[in-house]
Each structure stands twice: as C-alpha cells, then as structure tokens.
Amino acid sequence: DSGVTQTPKHLITATGQRVTLRCSPRSGDLSVYWYQQSLDQGLQFLIQYYNGEERAKGNILERFSAQQFPDLHSELNLSSLELGDSALYFCASSVDTGTGNEKLFFGSGTQLSVL
Amino acid sequence: DQQVKQNSPSLSVQEGRISILNCDYTNSMFDYFLWYKKYPAEGPTFLISISSIKDKNEDGRFTVFLNKSAKHLSLHIVPSQPGDSAVYFCAASAINDKLVFGAGTILRVKS
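From first to last, the protein sequence lines are chains A and B.
The numbers in the first sequence follow this note's numbering, run straight up by one, and end at 771.
The numbers in the second sequence follow this note's numbering, run straight up by one, and end at 100.
No lab work stands behind these hints: they were computed from the structure.
For clarity, every value in this text was computed on a predicted model and none was experimentally measured.
All residues carry an ideal CB built from backbone N, CA and C; glycine is no exception.
Do not rely on the hints blindly, as some may be mistaken.
[Stated by the list, open to error] To give a feel for the contact side, a few chain A residues facing chain B, derived at Cβ under 7 Å: (1) L739; (2) N757; (3) S764; (4) G765.
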C-alpha cells in the first residue's frame, strides 16, 4: 500500500460528459501529480500541484483541469469527454524536498472508459 | 517526442536466470533515473534509482547501471523469480523537473 488513495477505481461514462477523479496523497506529502496511461503508452505527465499551487504542466488538454485543496487532496476534472480519453489515470505524491530528485508514490489508478 | 525509450515491449526469462531491461534517453539534462514496477490493477511502485554521479546502484537482486555517454541505463535482476513478472517502467528527470516515463517492458519469468 503506497498510502496514496484514488477514487473511484473504475468509471464508465458517455462522450460529452464530465467526470471528477479524486486523489488523497500520502500523509505529509505536499506534491500531487497526475499521469495518464493509455493503451501501449507510458505514463504521460499531466500536471503537478505543490501545496495548493500549480507547479508544472505537461500535455494536459484544455478540457482537463485540476486543483489541490487546503487539505492537500486533489481532483482531476475531465470534461467534454471523447472516446480517446479512455485511459488509466494515476495520481502520485511526493514529499518534494526541493532537490529535484523526487521519488513518486502512486495510487492504484482510476480506469476511465468513455463509451 | 519520446525522451525516454524502452525499445523492448516484452521480455521472457527462465526462473533463476538474469533479466536485463534496457532504457535509452535523449535529454542530456536528465540527472536522476528510476525504475518502477507495476502489477496488474495496481499503481507503479518504486524499485530502484540512480543519480547521474554514479554508474551503478545495487539493492539486493536489483542493480541499475547508467552509461551517461551512451545515454543508456539498464536494470539487472539476478536471480529472476516468478514474482518479478510485471511491467517495468524506466523514468528520468532533470533537476526540479517532472518525471518522464518510458512505455514500459513486460517481464515474464517462467518457472
């Protein structure tokens, strides 16, 4: 158990809909990261939050947004869903010591299926 | 633009033998490298890491080798066990930058 909790584990929805994925980081971790894993693809970095503020942005679509709340949990919002958004979405957290050499701890992921 | 490449989608090894997983990178600014292991229905878990000031790091049956001039790293598992069967991701980062992952290699250890 990594200590990172993601809900829900599975999500099935229709094109055009909006969903919210939730993540609770490990106790004490200030950074939260969101990654997307599509079929045969590696983990694609979407976005990072540190202590409530956006720190880094990857290849995140404009239809996607995220935030980190004062209690450090994070939500990833996906809107106007398309078939191609079907993927495994992982949340990870780290202490973020500022050295740059971060070890990430991952949740078990949310499997999103857009039909 | 794939900065981290794992060119072997899968690898099959006999139990007790050595497993060698390879990873190439293109960004010369990367200075920290990690390997993650992933079982089905679970998130990736950290396995071993190496910083660019070293060329080898060992942890039990797992050893990571870094060849900076070739921009290549490898993970050696000796001896391989059936429980090692999983997807292995190579990852790299530059200082204060995001972690970039490869596409993964499926390792199957046959008993």
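Please list, smallest to largest, the hint numbers that this structure does not respect. 1
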